[in-house]
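Chain A is already provided as a structure; the job is to place chain B on it using the hints.
Chains as they are written, first to last, in the numbering used here: chain A, 23 to 232; chain B, 42 to 854.
There is no bait here: all hints are sound.
Chain A is nowhere near these chain B residues, computed Cβ spacing over 10 Å in every case:
1) 151
2) 531
3) 642
4) 679
5) 768
6) 780
Covered stretches of chain A (in silico footprint by chain B; criterion: 3 or more residues with CB under 8 Å from a CB of chain B, positions within the stretch not fixed):
7) 59 to 66
8) 213 to 222
No wet-lab data here; the hints were simulated from the structure. Ideal Cβ positions, reconstructed from N, Cα and C, are used throughout, including at glycine.
Single-letter residue listing:
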Amino acid sequence: MKNTPFKTIKLVSMVLVIAALAFLASCKEDDPKKEDTPELITKAMLTFTPPGGGAAVVVTATDPDGEGVRELTVDGPINLVKSTSYTLTISLINGLVAVTEPEYNVTDEVEEEGDEHMFFFSWTNNVFAEPSGNGNIDNRPDAVLYTGGANSVDVNGRPLGITTSWVSASASASGQFRVMLKHQPDLKSDTSTSNTGETDLDITFSVVIL
Amino acid sequence: MLLSIFLMCVKKIIIVLLAFHACTSANSQTPCTGVFTGHIQDESKQPIVGATIILLRQKQGQATDLSGNFRLENICSGKYKVRVQYVGYQDLEFEIQISGSVNRLIELTEEVRELSPVVITEHHDAAHIEYANNFTQLNEKQLAEIVGKSLGEMLKEVPGVNSIQTGPGIFKPVIHGVHSQRILILNNGIRQEGQQWGAEHAPEIDPFVASNIIVIKDASAIKYGTDALGGVIVVNPPELPQTAALGGTFNTILQSNGRSGTVSGMLEGGIKNHDGWGWRLQGTGKRTGDFNTPNYSLTNTAIKELNFSASTGYHKERAGFDIFFSHFATEIGILKGTSIGNLQDLITAMERPVPQYTSDFSYTIGEPRQEVSHNLLKLNGHLLTSQGEWKLQYGFQNNNRKEFDIRIGELSKIPAIDLKLNTHTLDVEWETLHSDKRTISVGMSGMIQNNANVFGTQRIPFIPNFTNLSGGVFGVTKLYLNAWTIDLGTRYDYRYYDVTGFDFKNTLFKSSFAFHNISASAGATLQLKSNQTLNLNLSSAWRPPNVAELYSLGTHQSAAAIEYGLLLNDITNEVMDIKDVNFKTEQALKLVTTYQKVWPRFSIEVSPYANLIFNYIYLRPEGITQNVRGVYPYFRYTQTDALFVGADITATWQVAKYLKVLPRVSLLRASDVTNHDFLIFIPSNRFEVALRYERPALSTLRNFYVETKTRYIAKQGRAPRVLTVREIITDKEQNIDPFKDDSSNFDFMAAPDGYWLWNLAIGTSVKRDRVQYDFRLASENTLNQQYREYTNRFRYYSDDVGRNVVLSFKCIF
Numbered sequence: 023m024k025n026t027p028f029k030t031i032k033l034v035s036m037v038l039v040i041a042a043l044a045f046l047a048s049c050k051e052d053d054p055k056k057e058d059t060p061e062l063i064t065k066a067m068l069t070f071t072p073p074g075g076g077a078a079v080v081v082t083a084t085d086p087d088g089e090g091v092r093e094l095t096v097d098g099p100i101n102l103v104k105s106t107s108y109t110l111t112i113s114l115i116n117g118l119v120a121v122t123e124p125e126y127n128v129t130d131e132v133e134e135e136g137d138e139h140m141f142f143f144s145w146t147n148n149v150f151a152e153p154s155g156n157g158n159i160d161n162r163p164d165a166v167l168y169t170g171g172a173n174s175v176d177v178n179g180r181p182l183g184i185t186t187s188w189v190s191a192s193a194s195a196s197g198q199f200r201v202m203l204k205h206q207p208d209l210k211s212d213t214s215t216s217n218t219g220e221t222d223l224d225i226t227f228s229v230v231i232l
Numbered sequence: 042m043l044l045s046i047f048l049m050c051v052k053k054i055i056i057v058l059l060a061f062h063a064c065t066s067a068n069s070q071t072p073c074t075g076v077f078t079g080h081i082q083d084e085s086k087q088p089i090v091g092a093t094i095i096l097l098r099q100k101q102g103q104a105t106d107l108s109g110n111f112r113l114e115n116i117c118s119g120k121y122k123v124r125v126q127y128v129g130y131q132d133l134e135f136e137i138q139i140s141g142s143v144n145r146l147i148e149l150t151e152e153v154r155e156l157s158p159v160v161i162t163e164h165h166d167a168a169h170i171e172y173a174n175n176f177t178q179l180n181e182k183q184l185a186e187i188v189g190k191s192l193g194e195m196l197k198e199v200p201g202v203n204s205i206q207t208g209p210g211i212f213k214p215v216i217h218g219v220h221s222q223r224i225l226i227l228n229n230g231i232r233q234e235g236q237q238w239g240a241e242h243a244p245e246i247d248p249f250v251a252s253n254i255i256v257i258k259d260a261s262a263i264k265y266g267t268d269a270l271g272g273v274i275v276v277n278p279p280e281l282p283q284t285a286a287l288g289g290t291f292n293t294i295l296q297s298n299g300r301s302g303t304v305s306g307m308l309e310g311g312i313k314n315h316d317g318w319g320w321r322l323q324g325t326g327k328r329t330g331d332f333n334t335p336n337y338s339l340t341n342t343a344i345k346e347l348n349f350s351a352s353t354g355y356h357k358e359r360a361g362f363d364i365f366f367s368h369f370a371t372e373i374g375i376l377k378g379t380s381i382g383n384l385q386d387l388i389t390a391m392e393r394p395v396p397q398y399t400s401d402f403s404y405t406i407g408e409p410r411q412e413v414s415h416n417l418l419k420l421n422g423h424l425l426t427s428q429g430e431w432k433l434q435y436g437f438q439n440n441n442r443k444e445f446d447i448r449i450g451e452l453s454k455i456p457a458i459d460l461k462l463n464t465h466t467l468d469v470e471w472e473t474l475h476s477d478k479r480t481i482s483v484g485m486s487g488m489i490q491n492n493a494n495v496f497g498t499q500r501i502p503f504i505p506n507f508t509n510l511s512g513g514v515f516g517v518t519k520l521y522l523n524a525w526t527i528d529l530g531t532r533y534d535y536r537y538y539d540v541t542g543f544d545f546k547n548t549l550f551k552s553s554f555a556f557h558n559i560s561a562s563a564g565a566t567l568q569l570k571s572n573q574t575l576n577l578n579l580s581s582a583w584r585p586p587n588v589a590e591l592y593s594l595g596t597h598q599s600a601a602a603i604e605y606g607l608l609l610n611d612i613t614n615e616v617m618d619i620k621d622v623n624f625k626t627e628q629a630l631k632l633v634t635t636y637q638k639v640w641p642r643f644s645i646e647v648s649p650y651a652n653l654i655f656n657y658i659y660l661r662p663e664g665i666t667q668n669v670r671g672v673y674p675y676f677r678y679t680q681t682d683a684l685f686v687g688a689d690i691t692a693t694w695q696v697a698k699y700l701k702v703l704p705r706v707s708l709l710r711a712s713d714v715t716n717h718d719f720l721i722f723i724p725s726n727r728f729e730v731a732l733r734y735e736r737p738a739l740s741t742l743r744n745f746y747v748e749t750k751t752r753y754i755a756k757q758g759r760a761p762r763v764l765t766v767r768e769i770i771t772d773k774e775q776n777i778d779p780f781k782d783d784s785s786n787f788d789f790m791a792a793p794d795g796y797w798l799w800n801l802a803i804g805t806s807v808k809r810d811r812v813q814y815d816f817r818l819a820s821e822n823t824l825n826q827q828y829r830e831y832t833n834r835f836r837y838y839s840d841d842v843g844r845n846v847v848l849s850f851k852c853i854f
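Just chain A, same shape as in the assembly:
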């Protein structure tokens, strides 16, 4: 009689161990599938193309490890020839996937949801002849030329800015060029500012007018 509790404990512990092993064996799952990551932007590329012809100027800001510790590397400066018109196209790239994958180019998503997105720009005063001023990051009504392509504006005719137009200054100059992408679901309007919504991109390049 006295041995019964211990015998039962032994029995129960054996049952538990067998059950655990059984589960372990039966739970031999396949490896989990890798997720697509269509929202991850690891590289932003700015291409300044002279519409009249000539070499394009390309600068990129690359985040080598997504949300990892390593810093964003910004190349540049943006070397522009003075008194020249340029069309700027912005591409947002997901560097974690192959070029052939659809989510490689995140800009397509932004364009599809153009009515909820807006690019804002700011620059040092003397680098551009057009537009005048220092950009609309500090003040929404300030001039920025949302022209040059179908994706310059959204379906509602509001500024989007995947393509924009610029004219470099007539004299040598240097300064900074900042690009911001805001996601403004249900908030984008004729007056929504660079403080409205959430920031999806905020990078600054140096710019030199030669």
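For chain B alone, coordinates are given in the frame of chain A:
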């Protein structure tokens, strides 16, 4: 609570020195070594914790422990009049002859019932014995006064328990400064397993299932396993009925803040001509719209909840079994204004007088939001033999958690986090029969758990998949030595993890590791003279790290900071093996003492504690990094030694026959001992005074009460330094690392000021045709005070909630 009972009893005791005379003169041959033990329960066989039993002739009384048991020692042989009392129940008086050892089973009946309380003489105590020392109970009456809130919010009423909030809808209990995976929640005896690592993951338990909730504040609850560094919260449903009589309750609660409506019902009974069988069905539905601060609406804080549970069982004194199933499902909106992209967005959010996206009141829940469901199946059985009792319990839990963010286009409809957690637990226990000298309980438990990310989120998973196998053995004993009751316990646990996840490059990695450790507990309860009791407990507890602490990469809990897990290489971000990192498991040593003293009109309970947690895992700021979105400070999970010291003081002062004053103080002082630094989100000191007028009977009204309560929550003076967002951005521009010479914790914003809250309540019961009707009208934050709470993670974005008027109606039949 215990004290108010002590008080009510003591004030009725006629203090006579004849007791001494009776002892010496009546029977000089029989010394005063009589022992009177027993168990007090209610009609549904549920133990009553904290009931008082007094031998009227002597100044001797006691409150029942967590199992409803009492033990009176050193009684001189003779005849005694005994009184048993408990708030809300009919007083019981009876006579008893005590010589040697006497045992009784006492059944109390509620005051509004027509039945009388019962004393049963022949009783083999098969009642479960609890081995914890320092605890507070919220009984059915107290739960009825805070009903309509989520579990985490209700637990704030327990001294020493606070909460970490994520807006007005998500509350996580904090016991003595620790929370999440440092406290254990037992849902009907089963460890609640449901992504509790997350600070914004509230416990998925319907409080309407419980008839009492016990908070054990020391780590002595050895039986239940790892993780109880701060304490254990035990949510107990009532015992199943054993007779065929049909009964039930129906509850409706309306609340003004959030325009909320909650409905809960319960039906229970037995099977005719088959005594011992019982069943119960229960369900709760809740719908809340946007909450509001005194000045604006908190857009997208609506809540939907639908829960139900069913149970059945058969119980006789020798054996019995239960089957229990519960389903909990909720959808919670997250304040839309907290959606930010980068640090610059945070400055703008902090400086806004009204959060972004604020619009008119609505019941709609949009992104960001959470959808959680939790299913629990429990099977248990018990068998009483001549030597002891066997208990076997199996539990299965299925937890599904989906979190939705504001995302590009159609992706908003797809969860950003989608986790499925399945857990099997098996517990076996053997306990000796209750004896005068000692009780022993030994047992084993096993757990198999699997966590899987459900495919389709189109995001790199925040935490990896894993399988966890755990096993443990324990032994606890309770010894009775004269005026001392001693509890000793020890436990060994082993945990094995098999992890599969994706790193920052979206590449698969696999890892496996194991942890094992011993926990121990030693406690004593001493009955001193002059109605004093002293409880002491020293215990050690440990916990394995959770997967978020090891592997997290990214901006999960707030978009204003990036977190890196312990196992991520600080240069390459690669996942490292745990052996290559100097990792030690968290181990806590907690000392809790509770001293109670009762005078005729005043009683006090003082409970100081100290909890030293070695290898405490926390997030330490490490630097500022920049990615395409902007600048972010980043934190890494690291280990330090932390010390939590505090005291909870509660008192009851019976000013007049029906009027009492209830002051309460909770103090807490937490520090990072290794780095001489403060820890973040530690609850501040709080002070409370309530004035309560209570009459058991007032013409046709029963249990009538009016209460006014004032609370003061002090500013957290021991908060980390402030490093504003602007300072961080400027430092980055100038290439300064603000953490190089000073890696102490920081906060983006100073701790909010202290604030006052005034609550009022009035309630009563009425009985008609065997049905009891309870009414309650209350207001919280009556003055509509504007304030921010330091432990609310949304304090960066908005104020806390304004006035709330609660109307509650319950019928019991």
